[in-house]
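> Count the sequence shown with my numbering and you get residues 3 to 193, in order.
Do not take every clue at face value.
Beta-carbon label-pair distances, calculated as ranges [unchecked claim]:
| hint | residue 1 | residue 2 | range |
| --- | --- | --- | --- |
| 1 | L43 | L116 | 36 to 44 Å |
| 2 | V38 | T120 | 31 to 39 Å |
| 3 | L116 | M48 | 47 to 55 Å |
| 4 | T8 | A31 | 26 to 34 Å |
| 5 | L74 | P52 | 22 to 30 Å |
| 6 | L74 | G23 | 15 to 23 Å |
Subject to a maximum C-alpha distance of 20 Å in a straight line, what follows is the list of computed EDC-like cross-link-like pairs (lysine to aspartate or glutamate) [to be verified]:
| hint | residue 1 | residue 2 |
| --- | --- | --- |
| 7 | K137 | E20 |
| 8 | K122 | D26 |
| 9 | K137 | D18 |
| 10 | K122 | D112 |
| 11 | K9 | D56 |
| 12 | K9 | E135 |
| 13 | K137 | D113 |
| 14 | K9 | E100 |
| 15 | K155 | D26 |
| 16 | K137 | E100 |
Since the hints were made in silico from the structure, they are not lab data. We treat Cβ as the ideally placed atom computed from N, Cα and C, and that holds for glycine.
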Amino acid sequence: MKNPQTKHRVVCSFTDKEWTGRPDDGAGALFGKLSVVGLALCFLLMLLIPGLRDVSALVLFVATFATTFTALSILARSSRERAFLQGVTASVNEVLHELSVDSAAQLGADDLRLLLVTGKTRPLSVNGVAGLELKVIRNTSPKPSKHAKPIMKPITTTYVVLAATPPDYGVESFDRLLEAVTADPGASPRS
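With the sequences and hints as input, model every part of the structure.
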């Protein structure tokens with residue numbers, strides 16, 4: 003008996019520029035850059051404010067400046083990524099609602115984030131028929147060879163897909179489910 007072949011349908015996709023799951027990534031480098039900017043700004047302010055001419059005041063100003071703007075940057079990125087993840091969750095839930103009227107199949111933003119971070123799959127059933135799962139597939143753009151000068155960082159694309167594997171016993175309702183999952187979203191349904 004041959005193994006059934008899994009069919010995939012992409013629900014949505016995005017790159018690591020849109021959502022990384024790590025809004026604090028690169029915070030140390032940002033803090034360092036902002037420290038240099040804060041130091042330059044403090045030197046300019048020393049001309050106007052004599053109290054900043056003390057070394058402890060200089061250190062306090064630079065540390066406060068860099069910490070404040072690093073925290074604001076991380077909060078802004080976190081907010082943007084949270085809003086993006088909520089939009090992806092809404093898209094996934096729309097597809098899940100089309101396949102199954104069961105509200106238990108709906109995902110929360112935290113559930114989808116867990117799927118994205120861990121890479122695990124979530125089994126789904128449609129009218130009690132198993133064989134459908136929600137999974138995450140990551141694809142990284144090819145890296146340049148060792149001798150080539152890298153022009154940019156490789157881009158990782160994440161796909162949220164529905165994977166349908168037909169059961170061994172081949173139920174007719176599952177065949178219809180498989181057809182619905184693998185059909186072109188723009189095509190009109192058959193009667």
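> Run every hint past the structure and note whether it holds.
Cross-check of the supplied hints:
| no. | hint | result |
| --- | --- | --- |
| 1 | L43 - L116: 36 to 44 Å | holds (42 Å) |
| 2 | V38 - T120: 31 to 39 Å | holds (38 Å) |
| 3 | L116 - M48: 47 to 55 Å | holds (50 Å) |
| 4 | T8 - A31: 26 to 34 Å | violated (41 Å) |
| 5 | L74 - P52: 22 to 30 Å | holds (29 Å) |
| 6 | L74 - G23: 15 to 23 Å | holds (20 Å) |
| 7 | K137 - E20 | holds (19 Å) |
| 8 | K122 - D26 | violated (24 Å) |
| 9 | K137 - D18 | holds (17 Å) |
| 10 | K122 - D112 | holds (14 Å) |
| 11 | K9 - D56 | violated (68 Å) |
| 12 | K9 - E135 | holds (11 Å) |
| 13 | K137 - D113 | holds (12 Å) |
| 14 | K9 - E100 | holds (18 Å) |
| 15 | K155 - D26 | holds (18 Å) |
| 16 | K137 - E100 | holds (17 Å) |
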